[in-house]
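Student: Sequences and hints are given; from them, build the entire structure.
To convert, count from 1 in the sequence shown and add 2; that's our numbering.
These aren't lab readings, by the way, just hints derived from the structure by calculation. Please read these numbers as outputs of a predicted model, since none were measured by experiment. One or more hints might be untrue.
Under the rule of at most 27 angstroms between Cα atoms (straight-line distance), these lysine-lysine pairs were calculated in the DSSO-like manner [stated by the list, open to error]:
#1 21 <-> 7
#2 56 <-> 7
#3 238 <-> 165
#4 165 <-> 188
#5 188 <-> 216
#6 238 <-> 216
#7 279 <-> 238
#8 21 <-> 55
#9 188 <-> 279
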Amino acid sequence: MDPGKFERFLGRLRRQLEKLTRQQVGRTQDEVAAYAARWQCLDIIEAFGRLRKKCPHCGHRRFHRHGYTSGLQRYRCLGCTHTFSALTNTPLLHLRRRDRWLPYLQCMLDTRTVRASATVVGIHRNTSFRWRHRFLNRVVHDRPIPLNGIVEADETYLLESQKGSRCLNRPARRRGGVAHSRGISKEHDCILVLRDRGGQTRDWWTGRGRVTSKQLSWALPAALDQDVVLVTDGAKAYRTFIAAYPFAHVPLNLAAGIRSRGPYHLQNVNNYHSRFKTWLRTFLGVASRYLPNYLGWRHALDGGRITTPAGLLKSALGLRTGKPASY
Numbered sequence: 003m004d005p006g007k008f009e010r011f012l013g014r015l016r017r018q019l020e021k022l023t024r025q026q027v028g029r030t031q032d033e034v035a036a037y038a039a040r041w042q043c044l045d046i047i048e049a050f051g052r053l054r055k056k057c058p059h060c061g062h063r064r065f066h067r068h069g070y071t072s073g074l075q076r077y078r079c080l081g082c083t084h085t086f087s088a089l090t091n092t093p094l095l096h097l098r099r100r101d102r103w104l105p106y107l108q109c110m111l112d113t114r115t116v117r118a119s120a121t122v123v124g125i126h127r128n129t130s131f132r133w134r135h136r137f138l139n140r141v142v143h144d145r146p147i148p149l150n151g152i153v154e155a156d157e158t159y160l161l162e163s164q165k166g167s168r169c170l171n172r173p174a175r176r177r178g179g180v181a182h183s184r185g186i187s188k189e190h191d192c193i194l195v196l197r198d199r200g201g202q203t204r205d206w207w208t209g210r211g212r213v214t215s216k217q218l219s220w221a222l223p224a225a226l227d228q229d230v231v232l233v234t235d236g237a238k239a240y241r242t243f244i245a246a247y248p249f250a251h252v253p254l255n256l257a258a259g260i261r262s263r264g265p266y267h268l269q270n271v272n273n274y275h276s277r278f279k280t281w282l283r284t285f286l287g288v289a290s291r292y293l294p295n296y297l298g299w300r301h302a303l304d305g306g307r308i309t310t311p312a313g314l315l316k317s318a319l320g321l322r323t324g325k326p327a328s329y
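Tutor: Set out below in structure tokens:
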């Protein structure tokens, strides 16, 4: 709209606003806010797209602008001639209602359930569930630089869940149920958590049963600085892992009641376990296959790392991890 037409439009709008009731003014504000949220959302997506250096289809580095699609700049590759936008090859491709994205992400920051979020934003509950896990797909990878200083490592366990599955590979449990055998078994999901004294956290869902030295070798080396002091409960898997890597190790014999040795303890990581499980109860059970997404969600909220819907959208797109070109 050219400036002249816009000024005339504002004049007509002011005259009409005087005739509106308070409720109608409120609805008008909601409509304008929705359009403002849509443009804010598009600006963040375009900032993500400008970091692309190559075609997501063939990897060619030369492309030019080629019109717009749903408000987003479209490009045509000079190599394969395919077109693409900032969302091509991302988990958010084909998600509609972009005017509702930021309000929905605010519901995620408020830890609302699928149904509560759907009611607040005005979408179907199935759409709410799909959006949740599309947005969390990349948040999982938004993790800090390698941990340093004194790093506490410990696992926590949750009973395996097939919530939402149409075909169970075991008899159904009543209201969650309990494991068939005492102690930790293959019926439990293992969550490995590392936490340093600066409050930085790394976590992994390692599968079923107790953590193994092979899983530790896969996860820990890239997450730790060379000069860390690793504090553990002295389990056999950690002793085997330390034998192959040059990390300083302080084992604590918790079975013997030794919970600390000077400044070395596991209170920080155990506190994180407690807070994570308390937060998880809000959802009345989480399917095991979605645990990595919930770990990433909780990590985003921990310590106020992400406090705005725009920040959560940037994390979902990879703007916070610096990996947009690989999507």
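Student: Between residue 188 and residue 216, is the straight-line Cα distance small enough, at 27 angstroms or below?
Tutor: OK: residue 188 and residue 216 at ~17 angstroms, within 27 angstroms.
Student: Need the status of pair residue 56, residue 7: alpha-carbon distance at most 27 angstroms?
Tutor: Violated. Residue 56 to residue 7 sits at ~40 angstroms, over the 27 angstroms cutoff.
Student: Holds or violated: are the alpha carbons of residue 21 and residue 55 at most 27 angstroms from each other?
Tutor: With a Cα-Cα distance of about 52 angstroms, the restraint between residue 21 and residue 55 is violated, given a limit of 27 angstroms.
Student: For residue 188 and residue 279, compute the direct alpha-carbon distance and say whether it is at most 27 angstroms.
Tutor: Within the cut-off at roughly 19 angstroms; holds.
Student: Mind checking the alpha carbons of residue 238 and residue 216 for me, to see if they're no more than 27 angstroms apart?
Tutor: The hint holds at about 12 angstroms.
Student: Please work out if residue 21 and residue 7 have their alpha carbons no farther apart than 27 angstroms.
Tutor: Roughly 22 angstroms separates the two Cα atoms, so the pair holds.
Student: Hinted pair, alpha-carbon criterion (27 angstroms max): residue 279, residue 238. Please report holds or violated.
Tutor: holds (25 angstroms)
Student: So if I understand the rule, the pair passes when the alpha-carbon distance is 27 angstroms or less; does residue 165 with residue 188 pass?
Tutor: Status holds; Cα separation ~17 angstroms.
Student: Are residue 238 and residue 165 close enough, with their CA atoms no more than 27 angstroms apart?
Tutor: violated (32 angstroms)
In summary, the numbered hints that this structure violates are 2, 3, 8.
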